[in-house]
Structure formats: structure tokens, C-alpha cells
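2 protein chains.
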Amino acid sequence: MASTEARETTRPRASDRGTTARAPVRDAASRAPDSDIALRPVVIESVKPQVDHGRFPIKRTSGETVMVEADVFADGHDQLRCLLRHRQAGSRDWIETPMTLLGNDRWRDEFTVIELGRYEYQLIAWVDAFLSWRHDFVRRNTADEHEIALALQAGATLVRDAVKRAPAGAAKRLREIARSLTVNVELAARRELALGEELLELMNSSANRTFATISEAFVVVVEPEYARFSAWYELFPRSCGPATRGHGTFADCEAELPRLAAMGFNILYLPPIHPIGRINRKGRNNTLVPNADDPGSPWAIGSEEGGHKAIHPALGTSADFKHLVAAARDVGIEVALDIALQCAPDHPYVKKHPEWFRRRPDGSVQYAENPPKKYEDIYPFNFASARWSSLWEEILSIFEHWIGHGVRVFRVDNPHTKPFALWEWLIAEIKRERPDVIFLAEAFTRPRVMHRLAKLGFSQSYTYFTWRNSKAELTEYFIELTAGEGREYFRPNAWPNTPDILHEYLQLGGRPAFMTRFVLAATLCANYGIYGSAFELCENKPRQPGSEEYLDSEKYEIKHRDLDRPDGLRDFIARVNAARRDSPALHYDWNLRFHGVDNDQLICYSKVTRDRAGAMLMVVNLDWEHTQSGWLDLDLDVLGVAGGETFQAHDLLSDARYLWHGPRNYVELNPHVCPAHIFRLRRHERTERQFEYFA
Amino acid sequence: MASTEARETTRPRASDRGTTARAPVRDAASRAPDSDIALRPVVIESVKPQVDHGRFPIKRTSGETVMVEADVFADGHDQLRCLLRHRQAGSRDWIETPMTLLGNDRWRDEFTVIELGRYEYQLIAWVDAFLSWRHDFVRRNTADEHEIALALQAGATLVRDAVKRAPAGAAKRLREIARSLTVNVELAARRELALGEELLELMNSSANRTFATISEAFVVVVEPEYARFSAWYELFPRSCGPATRGHGTFADCEAELPRLAAMGFNILYLPPIHPIGRINRKGRNNTLVPNADDPGSPWAIGSEEGGHKAIHPALGTSADFKHLVAAARDVGIEVALDIALQCAPDHPYVKKHPEWFRRRPDGSVQYAENPPKKYEDIYPFNFASARWSSLWEEILSIFEHWIGHGVRVFRVDNPHTKPFALWEWLIAEIKRERPDVIFLAEAFTRPRVMHRLAKLGFSQSYTYFTWRNSKAELTEYFIELTAGEGREYFRPNAWPNTPDILHEYLQLGGRPAFMTRFVLAATLCANYGIYGSAFELCENKPRQPGSEEYLDSEKYEIKHRDLDRPDGLRDFIARVNAARRDSPALHYDWNLRFHGVDNDQLICYSKVTRDRAGAMLMVVNLDWEHTQSGWLDLDLDVLGVAGGETFQAHDLLSDARYLWHGPRNYVELNPHVCPAHIFRLRRHERTERQFEYFA
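In order, the protein sequence lines correspond to chains R and F. All the letters of the first sequence, read from the start, carry residue numbers 1 to 695 under this note's numbering. All the letters of the second sequence, read from the start, carry residue numbers 1 to 695 under this note's numbering.
Worth double-checking, as some hints may not be accurate.
If chains are identical, the list can't say which one is meant, so a pair holds when it fits in one copy or spans any two.
Quick list of in silico lysine to aspartate or glutamate cross-link-like pairs, DMTMM-like style, CA-CA up to 20 Å [what the hints assert, rightly or not]:
#, residue 1, residue 2
1, K48, E668
2, K48, E485
3, K172, E198
4, K374, D144
5, K373, D78
6, K559, E549
7, K373, D144
8, K374, E147
9, K351, E393
10, K559, E548
11, K373, E145
12, K471, D598
In case anyone wonders, no lab produced these hints; they're calculated from the structure. Small disclaimer: the values here were computed from a predicted structure and weren't measured.
Generate coordinates for the entire structure from the input sequences, incorporating the hints supplied.
Structure below.
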């Protein structure tokens with residue numbers, strides 16, 4: 001009725017008279033009024049978390065919480081009911097929970113995600129006639145019996161109206177109550193019935209939602225725990241095994257697994273394992289004229305022996321690789337493959353799919369270049385090709401090929417030089433069937449582009465950590481990463497070094513600098529990685545001064561190393577990783593908080609679990625040369641320490657234990673011994689309040 | 001071709017296999033890839049200004065600037081072109097201007113709006129093949145002649161490709177240039193031609209936009225200047241004229257116009273002018289039992305003499321009212337009418353449209369109530385009525401009725417107790433034909449609701465100014481109003497008093513407090529208003545201690561006042577308004593900046609025009625009792641004063657002139673003489689840079 005009338009009388013005015021003067025139609029509320037709009041009073045605004053108004057999903061890992069807040073209000077003074085709904089994508093039914101009004105029209109509730117894949121969440125809210133009636137009824141002057149009796153009649157009408165929406169049992173009881181509210185018994189008894197919990201619950205479960213406002217549905221992508229908490233060890237399998245044998249194999253690599261597991265790594269990341277191009281192959285130290293026995297760069301992918309789905313013959317067979325992946329998983333390690341979407345000139349694609357490459361005016365294939373620099377060993381794909389879609393399908397099939405070999409983790413090389421749309425499509429395609437597969441974006445590029453890739457679906461992202469070395473830089477950057485809006489989709493992965501990046505800090509600082517940077521990466525960031533063997537041995541010689549390239553880089557040669565050397569960092573790394581493993585607080589990023597120290601060479605920060613049971617406090621000396629000391633100024637509230645309490649700080653690196661009292665405590669760190677404390681805090685009793693780092 | 005292929009090969013994968021795992025489809029980029037998505041590399045994000053992702057328009061007044069910024073970027077390293085487009089709503093063609101890259105992928109440009117009504121703006125950006133080619137070509141090694149020749153060939157191909165998109169003259173020239181680039185003349189000359197401005201301009205005007213990304217279109221509502229800069233004077237016309245005559249008339253009100261114009265007001269706001277209900281009429285001081293001659297509250301609208309379209313017979317006729325409106329406009333004053341959507345029990349609507357009201361269980365009409373309080377003189381409309389749409393139409397016709405009488409300004413009483421959707425529809429309906437009509441929302445309610453009403457279309461909004469009296473409160477609140485995101489749609493209107501609100505500050509402080517609050521309202525806020533006659537005479541007696549109601553409130557009785565009294569504020573008000581009128585900087589809000597003073601009783605702030613030609617500096621003593629002095633700490637950069645320069649501060653209230661030097665200057669204000677300085681600053685030369693308060 002109302003809706004018909006609306007169409008007859010208001011539609012012609014509001015929409016047919018010409019539409020240019022109307023706001024762009026973005027959601028239901030901006031259309032010409034019909035009863036659906038006119039009678040739907042509740043506004044739901046500023047829902048958090050969400051990314052770009054719901055254009056992209058937020059991310060969580062299995063077991064994590066989604067704390068949802070929104071502004072929810074209506075015109076007038078009526079009472080609202082506001083529910084949070086969530087469900088696994090694909091399931092029909094919502095799970096609904098009542099939200100709590102925090103004040104100033106802000107509501108909050110949370111839910112936990114368990115299954116991998118996608119969940120949806122949204123809000124539903126309405127002006128609740130019974131709650132509004134009840135709110136007024138409580139306040140009515142009980143001395144005015146006529147008023148009370150009339151109000152009871154009005155209430156009974158609402159109760160009778162609810163009967164038709166209620167399940168059978170409830171309906172019967174509602175009918176009884178409605179009758180009781182209006183029969184001629186003592187007003188006080190009827191008032192008590194009207195305000196009772198029983199009626200409230202019955203009415204809440206039979207509310208009239210005809211004119212409820214429902215927010216858009218937002219999506220959460222739920223990934224496996226290793227998307228949130230991981231320690232990556234990058235190694236070149238060709239460098240594994242005894243030096244005497246030359247080119248290492250997957251079997252040699254497999255032999256490293258117990259050592260890596262003992263050190264506490266859970267991801268073994270291999271640079272590309274494919275045949276390496278021979279045309280324009282680079283020699284040692286990136287020279288243009290290689291020796292005959294130079295192995296070439298693994299990133300110059302493809303030769304007549306095969307391309308992105310082939311294995312370098314010297315590494316082994318497909319079966320060997322599968323064996324490595326399975327053996328790794330047996331010791332708690334996932335093998336991560338590097339997907340670099342580029343071709344050596346002798347990659348089979350170049351002949352078989354010339355349409356995927358750009359041509360120069362002379363008919364030759366366009367190599368990579370950044371004038372005046374040329375990279376003649378690499379042919380990039382031409383994504384603007386008319387045959388782009390067959391190229392996309394082929395790229396997808398590369399990932400699927402290795403997933404078929406058991407791979408669950410991909411590190412994507414330079415994803416920012418491939419179409420954004422490719423990644424959004426490809427990651428969604430793969431995750432639909434395999435939500436346990438994760439992707440690390442190696443996009444050392446501008447912030448907006450890095451963030452876009454994370455929004456599009458990459459599970460983890462390399463960061464600028466490598467170039468953030470001072471206390472001020474680290475503090476500002478990690479506050480941005482862990483408390484900024486990007487945290488909903490951008491999971492940082494901190495790398496002190498990579499085969500491409502040997503930072504000056506490591507070049508100058510040597511072993512103490514490696515230890516410092518390692519502790520920072522592993523405790524600031526729940527995900528971190530190292531270019532492992534070079535890191536263990538603190539290799540720090542640049543190709544030339546001012547360069548971030550390694551001298552005699554492993555990218556262009558096989559390097560057998562003695563990882564049992566006594567000055568190696570193996571034991572130190574193992575101790576830090578053990579502290580990480582045993583401290584749930586270090587499995588998360590959003591709980592990071594910085595604390596004061598009166599010395600700019602010392603940085604102090606904590607991670608605390610949500611229930612504050614686990615509280616970890618790190619102090620790191622950023623000066624690789626000198627002993628530094630200072631007074632901490634701890635935020636005891638964050639640490640869950642009562643003001644007057646004595647608490648124990650147990651250093652998991654040195655095993656030393658300190659009894660501390662109050663916020664100011666002395667620390668001193670000699671970088672030549674150990675540049676860091678990783679304290680576990682022990683308190684007699686701790687703050688009851690949750691540590692609200694989700695809100 | 002590409003698009004067909006896309007459909008064949010990728011559509012089935014991406015969309016048909018089941019849609020549950022996909023992100024909600026929010027814009028083009030989240031659909032299954034087709035060539036339209038796959039080949040469109042540019043991302044446009046975080047466009048500012050915009051309100052709720054474009055759900056609501058931003059607001060400007062005629063002549064103002066819209067400064068637009070956005071993050072615009074693509075994958076890879078190609079060069080982008082990014083244009084800002086704007087047009088009046090309804091016009092077909094966009095006006096395009098190139099945006100400037102500010103760094104970090106942020107682009108900016110601006111446009112000016114002139115015509116009242118709606119404008120649209122959006123961004124268009126694409127990877128520009130010629131700009132990318134040119135960027136590389138500049139950097140190519142000129143010693144490598146083969147490379148240069150090949151690159152020139154590639155460039156010529158792009159130029160030839162542009163021919164088909166170019167207008168006739170340009171096409172001919174492009175054809176010539178393409179030929180010249182490849183003929184066998186000296187490479188240097190061809191290089192010069194390739195990099196010349198001529199070719200750049202020709203190519204820019206013939207760019208290939210096939211795969212351009214176009215942002216959504218955002219809307220600007222452009223309103224008349226009085227939406228941004230206005231001084232409101234509220235008076236009860238029934239109190240005009242000589243006391244001897246009793247009930248004042250429109251003619252008496254008209255006689256006030258020269259005085260109001262001389263004082264510098266440009267909006268004369270009249271409480272409801274309709275017949276006043278007799279049933280349950282309130283007596284003096286809001287008593288329930290009126291005397292026979294009590295006039296009643298103008299907000300208890302309607303009697304058998306008529307309702308919202310009728311005029312109280314004692315005020316005059318429709319013709320008298322039209323005459324008043326016209327006479328006011330002649331002296332630069334708009335008459336603002338108060339629209340209060342509620343009825344006295346004897347309003348004709350109650351009988352004629354019983355369906356617009358709620359019934360109580362005993363069949364009587366539901367009066368307004370907020371238990372335990374009852375307002376039996378007022379019947380609210382029932383907007384949840386099945387006949388809501390006829391009610392909406394009637395309400396619209398009320399506004400149209402008075403627009404027909406010449407009214408351009410409406411003050412809407414308690415809009416927050418009527419449906420949000422009503423306002424969005426009604427304001428858009430009216431503004432489509434009459435973009436010069438503006439609306440002031442009297443929504444003294446919670447912040448989210450206030451803001452929602454502003455988003456829905458109200459031109460101005462009452463604020464919490466009345467309750468912000470300390471320096472800290474005023475500073476925080478006006479920074480929020482003028483620099484917060486809400487400024488794009490929420491135009492504050494500051495009122496020191498209203499017939500409903502006599503703040504304790506005025507009750508206690510008397511005349512100096514009135515002067516202080518007046519200067520604050522008139523200089524902090526480009527829109528302000530006073531409940532005029534009571535304000536001029538500093539009436540400050542509350543009904544009872546702790547109340548914000550006036551004793552003997554004019555809402556319930558006629559009050560003839562002697563506005564020529566020597567202790568009235570008329571001359572002071574006139575001087576402040578003259579300073580406002582003569583200072584363009586005071587016609588805007590976003591240019592407000594606070595400056596330091598070493599005394600919490602003194603507040604100091606400036607407003608500067610965008611070109612810094614006009615610079616106003618205000619210092620106000622918030623202590624109504626004592627003389628306060630202190631040292632200012634001026635931000636000279638904001639004021640456009642060079643560090644070493646001596647500048648003159650000319651107080652437009654006292655006409656005193658001070659020569660100041662540097663940021664620290666002494667001020668002293670005796671509230672019993674004058675509690676404020678309104679300085680015009682005079683500088684020998686001023687900073688060249690624009691004052692960027694739009695960004």
C-alpha cells in the first residue's frame with residue numbers, strides 16, 4: 001500500500017523531472033524516495049574495519065578476531081537495535097550478535113574467523129518499537145494510573161504484533177503476555193511483567209525488521225597462520241652440498257632441513273629453480289661476458305631445457321622437488337618458490353609465443369631497459385598484447401603447476417611491473433580452491449603501489465625495513481605498519497638482507513650490526529626473513545663502495561659456505577627464533593608499542609597478548625660499535641604491570657633475570673657481546689582489562 | 001578482438017565457477033577480467049574532496065575554488081597523464097585541465113565554480129605511450145646512433161598513430177613530423193624535433209585514451225554567497241512597533257529594516273508567523289494555564305485561522321509579508337522563515353489529515369512527550385504513517401508556498417526529529433529549481449546526526465559554539481569545524497544566544513560577556529546569528545538558576561524594548577559587522593588559524609585571504625571581569641609577515657594602530673571597555689606564496 005502510493009505521488013517529482021541535479025546514485029538512499037527509503041530511518045556509517053569502502057577485503061589468519069565498529073543512528077529519539085552479522089562466504093545463514101553502544105552513536109562487536117577462505121560481515125539495525133516503548137514506559141509517572149494503563153495497552157499491541165513473527169512456542173507465550181498486560185489486575189504486577197527480562201528476550205527474538213537498514217557486506221580473507229607468523233630462510237639450492245660436488249641438488253638442499261628446523265625457520269625460500277638462459281647470460285659480478293662454466297642468474301629464466309614449469313636439470317627432477325617439499329613439511333617448513341615473470345632470450349615462450357613479447361622497430365624482441373641501462377638477458381612480457389588473456393592463463397598455470405608439486409608459498413618477483421588486475425584475478429582464482437596458498441610481494445617500489453598490491457591479495461609484503469635503521473625511522477615506520485589503516489590488508493615481512501640488498505649498516509657494522517638487525521626484524525615483525533647463509537656468516541662486502549650489491553654475488557655464482565664456522569650466527573638465530581616460537585605475543589604485529597629510553601641509540605618496544613598473559617619487552621642497541629646504556633621509561637599499563645608491583649624481566653637471550661619496579665629501569669648493552677635483550681616479563685598479577693589493539 | 005578473447009578464455013574461470021569467493025562487486029575493477037579491466041593500468045584512489053566516497057556532494061559558494069587531489073599511479077614505470085575534469089551538471093562537455101604531480105603519486109589541480117546549482121568533477125588518467133617514449137628517449141645514449149635511429153622509428157609510429165585522433169590541422173602536421181623523424185637527415189636535428197614542445201603539445205591533444213581510467217564523478221553544490229557569509233538577526237515581529245499598539249505587525253517589522261541594515265545584518269530571521277493554537281496554549285513563562293490575552297508560542301502552529309501556509313492575522317496579510325521581504329531585499333537583507341513541522345491541537349491538519357498523526361489507545365491524538373514530560377500543546381507528525389508520501393508532498397508545498405512569497409532562506413526547527421530521507425529529497429527538489437534557496441538546520445543534537453543533516457543538503461548548521469566558552473574548547477572545536485573532514489559539507493553558524501538558550505556565561509558575565517561572545521561568533525565564524533533585541537540589551541536573567549531559559553521569555557509574550565538605550569550594543573555590533581564586511585578574510589572559515597598567547601584568558605586567531613592581501617588578527621579576552629594581558633606568539637608565516645619586517649596592527653574597534661615587530665607582541669584588554677581587538681594587519685610586502693587552506 002504505502003509503496004504503491006509512494007510510486008504514484010513522489011516518483012514523478014523526484015526522478016522523472018530530469019536527473020542531472022541529483023547526486024550520483026551510489027546506494028539505495030540516494031534514489032528517489034519510495035517507502036523503502038522513506039520509512040527506513042537508521043543510518044550505518046563509517047564501518048571499520050574496511051578497505052576503500054569495501055572495494056577490497058581485510059585480512060586475518062585462522063583464529064583471529066575481527067572487531068567491528070560503526071556509527072549507527074536514526075532521526076528522532078527512538079531506541080535502536082544493532083546486530084553484527086557474519087558468515088563464511090557461501091553459507092546462507094548469518095550468525096548475529098548484538099552490538100554494544102560505546103557512546104556518541106558508535107557501536108562495537110567482534111567475531112572470530114576459523115576456516116580458511118572468505119567470510120563476510122555486515123551490520124543490521126532498526127528502530128525497535130518495543131525497545132522504544134519500553135524505554136518510555138520505564139520513565140512514565142507511575143502515579144498517573146490512566147497513563148500507565150494506556151501505555152500497557154500500547155505495549156500489548158506491540159506484543160500481539162510480534163506473535164506472527166515468533167516461533168510457535170514463543171508465539172503462544174507472547175499471546176499470553178499480551179493478554180495479561182491488559183487484563184484488570186494490579187497495575188504494578190502488569191508493569192513488572194511488561195518490563196521483565198522474559199518479554200524483552202521474546203520481543204528481541206521476534207523484532208520487526210521490515211524497515212531495518214543493512215550495511216553493505218564486507219569481506220575478510222582468512223589465511224593460514226604462516227601468513228601472519230613466519231620466519232623465512234632464503235637459500236640457493238645450487239650452493240648446497242659439499243663444495244667438491246659443484247652444483248648442489250634438491251637432495252643437498254633437503255639435507256639442510258634439520259639444521260633450518262633447529263634454527264626455528266618455518267619457510268624455506270628458493271630463488272627460481274628453472275633452467276637458466278644461455279643467451280646473454282651474465283657472468284660473475286654481473287659481467288656481460290661470462291665464462292663457460294658460469295651458472296648464470298636464476299632470475300634469467302628459461303632455456304631450451306624448459307621454462308617456468310621446468311626444473312634446472314642440475315638441481316634434480318620433479319620427483320626430487322616434490323620430495324624436498326614433503327620432507328620440509330615433515331619438519332614444519334613450507335618451501336616457498338620464487339615466481340619471476342620474465343624470460344631469458346632462449347626461453348621456449350619466446351619462440352612458441354612471440355605474441356607475448358614486444359618487438360623493436362627492427363623486428364628483434366624488446367629486452368628490458370631503463371635508458372640508458374639495458375638488460376639484454378631479460379625479455380619482459382608484453383601485457384598490453386592483444387593476446388594478453390592467453391598469457392594470463394599461462395601465468396596462472398605456472399602457479400598451479402607448482403601447487404601441484406606441493407608448494408603453498410610463493411614469493412613473487414617485482415609484481416609491481418605486471419598488471420594490477422592480473423594479481424587480483426590470479427590470487428582470487430588460486431585462493432578459491434586453495435585458501436592455504438599465500439603470496440609474498442617483492443615490490444620494492446613507491447608506497448601507494450606497494451599498498452595496492454597488498455589490497456589486491458598479496459598475503460605479505462616486503463617493506464622498507466631494510467632502509468630504516470635509526471630509532472626515529474624504525475619507530476615511525478613500525479607505528480605506521482602496525483597502527484595505520486593499511487594494517488588491515490598490508491602484512492609486513494621484514495628482511496635485514498636479500499641477495500639484492502646489502503645495506504650500508506651491515507657493511508659497516510659487521511657481526512654486531514647483523515645481530516641487531518636480526519633481533520629487530522624478528523621481534524618488530526611477526527613475519528621476517530633473511531638471505532640465510534650469507535647472513536649467518538655476516539657477509540658484508542659490497543661490490544664497490546656505495547653499492548648495495550654483494551661482492552661475488554651468489555646470484556651469479558655457486559657459493560659453498562662453511563656454516564659451522566664458530567663466528568656464525570646460527571646459535572644466536574636459533575635462540576631468537578625459540579623466543580619467538582615460545583612467545584605468543586611475538587606472533588602478532590598490532591600489539592607493538594614503543595617505550596621511552598633516554599638514549600637515542602637504544603630502542604625499546606613491547607608486544608603483549610590480548611589477555612596480557614604474555615608480555616615481551618625488547619631493548620636493542622642500534623650502535624654496533626659502542627656499549628650503550630640508559631633508563632627505560634616503560635608504559636606499565638601496556639605491559640599489564642600494576643604501578644606498585646615488582647616484576648621480573650627474564651632475558652631469553654642471556655637467561656639473566658632482573659627484578660624491576662616501576663617504569664624507570666636501567667639497561668646496558670655491549671654490541672660485541674649481545675646487542676639486545678628479549679625479555680619475558682613475569683608479573684604477580686596482571687591487569688584484568690583486555691589489551692585493545694584491535695580497535 | 002582482445003575483448004572477445006577475454007570473454008572466451010577468462011570469463012568462465014573468473015565469474016561462472018561460483019561467485020561466493022569473490023569480493024563484492026563495488027566498481028569495475030573487481031569484475032572478472034575482460035580487456036577493459038586487464039588493459040586499464042591506472043589506479044585513481046583517495047580523491048579529495050569527497051564525502052563518503054561520493055555518496056554526498058561537497059559544498060561551495062559561487063566564486064569559490066575546488067582544490068582536487070588524488071593518488072594516481074599504474075604498475076610499471078610508464079609515464080602517466082592525469083587530467084581534472086569539471087562541468088556544470090547537465091552540460092555535456094567536460095572542461096579538462098592537467099593535474100600536477102606533487103610527489104609520492106599525489107596529483108593536484110583546482111577549478112572555480114561560478115553558477116549556482118551543481119557541478120561535477122572527476123579525474124581521467126592514462127599511461128601515455130608518447131610521454132613514456134619521450135621520457136626514455138631523453139635518457140638514451142646519443143652516442144649509440146643505431147639505438148637513437150630505432151627509437152626515432154618507434155616514436156614516429158606513435159606519432160602516425162596519433163594522426164587518426166587529431167583534428168585536421170594537427171593531423172597534417174603530425175604526419176609531416178612522423179615523416180621527418182624517420183628521413184635520413186642528421187640525427188641531432190631529428191632528436192630535437194622529437195623532443196620539441198610542438199610535438200609534445202600536438203601529441204598531448206591527440207592522446208590515446210582507449211584505456212584511460214576515469215574516476216567516479218563527484219558533485220559540488222554551489223550556493224549563493226549568503227550560504228557562506230551571513231549575519232542573522234532573529235526578532236519576533238509581534239514585538240516590533242510601539243508598546244502602545246500591542247501586537248506588532250509586518251509593517252512595524254519593516255520599520256526596523258534601516259536599523260538592521262545599518263548594524264550590518266544581512267539575514268532577518270522570523271520565528272513562525274502562522275496562527276497560534278488556542279488549545280493547550282502555553283502562558284507566560286511556559287505555564288500551562290494562560291491568561292486570555294497571552295499570545296502563545298509561535299512554534300505552536302495552527303488554529304482555525306490556518307496552519308503552515310497562513311499568516312497570523314495580527315501580523316498582517318500575505319501582501320504585507322511580501323512587501324516586507326521585498327523591502328528587506330532592497331536594503332541587502334534576506335528574510336528567513338522558521339519552518340517547524342509540528343501542529344497545535346487546533347491546526348487544520350489535525351482534522352483534515354488525521355492520517356498524518358499517531359493515535360493513543362484511547363483514540364486521542366498522540367501529543368509530543370519525553371516521559372515523564374508531556375507537551376500537550378504540540379502534535380508531532382507521524383512520519384511512519386501509511387500516508388507518509390502525501391505528508392511529504394504537503395511539507396514540500398509549505399516551503400514552495402513561502403518561496404512564492406519571495407523567501408530564499410529557511411531555518412528548519414528540529415530537523416533531526418524528522419526523517420533524514422525527507423530532507424535529502426526535499427532540499428534537492430527545491431534546489432533543482434531554486435539553487436539560491438538555503439536551509440539552516442537547527443539540530444541541537446548529537447554530532448553524527450548534525451553531520452548527517454548537513455550531508456543531506458542543509459546549507460548551514462547551528463553548532464555547539466554556545467557551549468564552548470574556554471580557550472581550549474573554542475580552539476579545539478573551531479579547528480574541528482574549519483580543518484576537519486566535515487568542512488566539505490558542514491557550514492557552521494555560531495549563535496551566542498537564541499530564544500531557547502541563554503548560556504550561563506552570559507547570565508554571569510553581563511555586557512562584557514555579550515561583547516566577547518559576539519566578537520567570537522562574528523570573527524571565528526563567517527556565518528553567525530543573534531537573538532537580536534535581547535542580545536542588544538544584554539538580557540541575561542534566567543527563568544531560574546541553572547536554567548538556560550529566559551525569564552519572561554519572548555516565546556510566550558510580546559516584549560517591546562527600547563533599543564535606543566545608551567547601554568545597548570547597537571554601535572558595537574555595527575562596528576564589528578563593518579569590520580566583517582570590509583575584510584574579505586572574514587568571509588571564509590577555512591583560513592582560521594590560532595596563535596599562541598601566554599595567558600589562558602586571551603585567545604588569538606587570524607583569518608587571511610588566499611593571496612594574503614587581507615590579514616585579520618583577533619585577540620579576545622574571555623574573562624568578563626578582569627583586565628587580562630599577555631604576549632602573543634604569532635605565526636608570522638601564516639600572517640604573510642616577513643620575519644624581520646615591522647608591521648602595523650590597526651584595531652578596527654578602537655581605531656588604535658600599533659607598530660609590531662616579530663612574533664612576540666604585548667596586548668592588554670579591559671573587558672569593561674572593550675574585550676577584543678579586531679586588527680587589520682598592514683605589511684610593506686607580503687609572502688608571495690598562496691595561503692593553502694584548501695588543501
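Structure versus earlier hints - violations, ascending order: The structure breaks only hint 1.
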